[in-house]
Amino acid sequence: MNERYSRQTLFPAIGEEGQKKIRKKHVLIIGAGALGSGNAEVMTRAGIGKLTIVDRDYVEESNLQRQQLYTEEDVFEKMPKAAVAEKRLRAINSETDIAAVITDATPDRLEELVQTVDLIIDSTDNFETRMAINDISQKYQIPWIYGACVGSYGMSLTIIPGMTPCLHCLLKKIPIQGMTCDTGGIIAPAVQMVIAHQTAEALKILVEDWDAIRTTFTSFDLWGNQYTNIKIAKAKDDGCLSCGEARTYPFLQNENLMKTTVLCGRDTVQVRPPAKQQLDLARLSEQMQASGYQIKGNPYLISVEMKPQRIVVFNDGRALIHGTKDLSQAKAIYNRLLG
Amino acid sequence: MNKLLFFAHLKDEAGAETLSIDVSGKTIAELKTIVSEQHGLTKIDSVMTAINEEFAEDDDIIQQGDTIAFIPPVSGG
Chain Z
1 MNERYSRQTL
11 FPAIGEEGQK
21 KIRKKHVLII
31 GAGALGSGNA
41 EVMTRAGIGK
51 LTIVDRDYVE
61 ESNLQRQQLY
71 TEEDVFEKMP
81 KAAVAEKRLR
91 AINSETDIAA
101 VITDATPDRL
111 EELVQTVDLI
121 IDSTDNFETR
131 MAINDISQKY
141 QIPWIYGACV
151 GSYGMSLTII
161 PGMTPCLHCL
171 LKKIPIQGMT
181 CDTGGIIAPA
191 VQMVIAHQTA
201 EALKILVEDW
211 DAIRTTFTSF
221 DLWGNQYTNI
231 KIAKAKDDGC
241 LSCGEARTYP
251 FLQNENLMKT
261 TVLCGRDTVQ
271 VRPPAKQQLD
281 LARLSEQMQA
291 SGYQIKGNPY
301 LISVEMKPQR
311 IVVFNDGRAL
321 IHGTKDLSQA
331 KAIYNRLLG
Chain L
1 MNKLLFFAHL
11 KDEAGAETLS
21 IDVSGKTIAE
31 LKTIVSEQHG
41 LTKIDSVMTA
51 INEEFAEDDD
61 IIQQGDTIAF
71 IPPVSGG
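Residue numbers (my numbering), protein chains in the order written: chain Z, 1 to 339; chain L, 1 to 77.
Hints listed in this document are in silico derivations from the structure and should not be mistaken for laboratory results. As the structure is a computational prediction, the values presented were derived from the model and not from experiment. Mixed in with the good hints, there may be bad ones.
The calculated PhoX-like cross-link candidates involving lysine-lysine, where the alpha carbons are at most 25 Å apart (straight line), are [claimed, not checked]:
1) 173(Z) / 32(L)
2) 26(L) / 231(Z)
3) 11(L) / 231(Z)
4) 26(L) / 172(Z)
5) 11(L) / 236(Z)
6) 173(Z) / 11(L)
7) 3(L) / 26(L)
8) 139(Z) / 234(Z)
9) 173(Z) / 78(Z)
10) 259(Z) / 139(Z)
11) 139(Z) / 11(L)
12) 11(L) / 32(L)
13) 32(L) / 43(L)
14) 259(Z) / 325(Z)
15) 87(Z) / 173(Z)
16) 236(Z) / 139(Z)
17) 11(L) / 296(Z)
18) 173(Z) / 236(Z)
19) 3(L) / 32(L)
20) 11(L) / 172(Z)
21) 234(Z) / 26(L)
22) 172(Z) / 43(L)
23) 11(L) / 26(L)
24) 32(L) / 234(Z)
25) 11(L) / 78(Z)
26) 231(Z) / 32(L)
27) 3(L) / 259(Z)
28) 32(L) / 276(Z)
29) 236(Z) / 43(L)
30) 259(Z) / 32(L)
31) 276(Z) / 43(L)
32) 172(Z) / 276(Z)
33) 236(Z) / 26(L)
34) 32(L) / 172(Z)
35) 43(L) / 173(Z)
36) 11(L) / 24(Z)
37) 139(Z) / 173(Z)
Reference excerpt, derived from the structure (chain Z facing chain L, CB under 10 Å, subset only) [to be verified]:
38) 182
39) 190
40) 192
For glycine and all other residues, C-beta sits at the position ideal for the given N, C-alpha and C.
Generate the whole structure from the sequences, applying the supplied hints.
If you want it as structure tokens, here you go:
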């Protein structure tokens, strides 16, 4: 065995046998932001056989404080995150087959992407994609690892089809208007802590050490000095529409997807959430102002300047993104504000 | 007596990290109504709850001495 992985194979739970397994596996990372950069780097250094990383966004200046694969030059060039990640990861380990996909991870795309995949690591910034990953995971029996953070707070959960409850068992209602990194801020150590949890779980899954899998929902607050593990075994719901007996995979179905439309001649995209919502516009407005955005509003809508775009959010959750004709960019901006 | 624990931004909304309150005999759903009406917690519907560090459903009944944690799922990444 390669000297390169000697310290990892010395670790008894991995060993030479584990390393051989890692070498044969294909990991799919959805999102190449803060979590995606870190997760991808750990997996690549660990010597994973193949890594596919998917992202719809490009590098911006506000990413550099925590998104470890990117540099000032990438901001200047407005490079797609997935393309930069691919280049950096190849430079880190030429033995790993790296594939970058610049796309919006819709259910259709996910179905194509997961075909030879052994594990999915969630590094997205929204629940719509996470619930689609959750359904795909159950449909194709592929483990996935949820991770998310905001402020100094973060969480992680390992989902193994047939063994653990799924995310839909735990979240009966999909959170709307959650805090995002654009409204609640984020510190890099919270990102790193989530990455540590996700990649430790990933290594266990890749070497097939099923007994070592974490069976709790972990959440922590690094500033508030809190670390909690919630036992979730009894949350497994036989009636769950994603993993239960009469499963329908609701989050792969068209009526449950966010709708985007280019408004002709207006350089504007309309984004419509799958279900009508009741947003608290006053609260959103306060959060956005605290984050330094310029806001105008009335009881029906708020308008947020996010140069070069302007986003207008209505209280039913519908939004107009002015200054773009790009559907996936519009969705990216929407998710950054509303989660 | 019961102890309530608020995580992440719920701590700011409630104005405290913990709260001592007697809610034994009530369900988690009833407690959610109480904390949203009396303690200013918003979007409580999608918040996960745990009783004594074990995942709790809306119809679970709170016992004397139980500690109930409110854990909001977040989406940043």
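Hints, verified against the model:
no.: 1; hint: 173(Z) / 32(L); in the structure: holds, 14 Å
no.: 2; hint: 26(L) / 231(Z); in the structure: holds, 21 Å
no.: 3; hint: 11(L) / 231(Z); in the structure: holds, 22 Å
no.: 4; hint: 26(L) / 172(Z); in the structure: holds, 20 Å
no.: 5; hint: 11(L) / 236(Z); in the structure: violated, 28 Å
no.: 6; hint: 173(Z) / 11(L); in the structure: holds, 21 Å
no.: 7; hint: 3(L) / 26(L); in the structure: holds, 14 Å
no.: 8; hint: 139(Z) / 234(Z); in the structure: holds, 22 Å
no.: 9; hint: 173(Z) / 78(Z); in the structure: violated, 36 Å
no.: 10; hint: 259(Z) / 139(Z); in the structure: holds, 23 Å
no.: 11; hint: 139(Z) / 11(L); in the structure: violated, 37 Å
no.: 12; hint: 11(L) / 32(L); in the structure: holds, 15 Å
no.: 13; hint: 32(L) / 43(L); in the structure: holds, 10 Å
no.: 14; hint: 259(Z) / 325(Z); in the structure: holds, 14 Å
no.: 15; hint: 87(Z) / 173(Z); in the structure: violated, 39 Å
no.: 16; hint: 236(Z) / 139(Z); in the structure: holds, 16 Å
no.: 17; hint: 11(L) / 296(Z); in the structure: violated, 28 Å
no.: 18; hint: 173(Z) / 236(Z); in the structure: holds, 15 Å
no.: 19; hint: 3(L) / 32(L); in the structure: holds, 14 Å
no.: 20; hint: 11(L) / 172(Z); in the structure: holds, 22 Å
no.: 21; hint: 234(Z) / 26(L); in the structure: holds, 20 Å
no.: 22; hint: 172(Z) / 43(L); in the structure: holds, 13 Å
no.: 23; hint: 11(L) / 26(L); in the structure: holds, 22 Å
no.: 24; hint: 32(L) / 234(Z); in the structure: holds, 21 Å
no.: 25; hint: 11(L) / 78(Z); in the structure: violated, 38 Å
no.: 26; hint: 231(Z) / 32(L); in the structure: holds, 20 Å
no.: 27; hint: 3(L) / 259(Z); in the structure: violated, 43 Å
no.: 28; hint: 32(L) / 276(Z); in the structure: holds, 23 Å
no.: 29; hint: 236(Z) / 43(L); in the structure: holds, 24 Å
no.: 30; hint: 259(Z) / 32(L); in the structure: violated, 32 Å
no.: 31; hint: 276(Z) / 43(L); in the structure: holds, 15 Å
no.: 32; hint: 172(Z) / 276(Z); in the structure: holds, 17 Å
no.: 33; hint: 236(Z) / 26(L); in the structure: holds, 23 Å
no.: 34; hint: 32(L) / 172(Z); in the structure: holds, 15 Å
no.: 35; hint: 43(L) / 173(Z); in the structure: holds, 11 Å
no.: 36; hint: 11(L) / 24(Z); in the structure: violated, 45 Å
no.: 37; hint: 139(Z) / 173(Z); in the structure: holds, 21 Å
no.: 38; hint: 182; in the structure: holds, 8 Å
no.: 39; hint: 190; in the structure: holds, 9 Å
no.: 40; hint: 192; in the structure: violated, 13 Å
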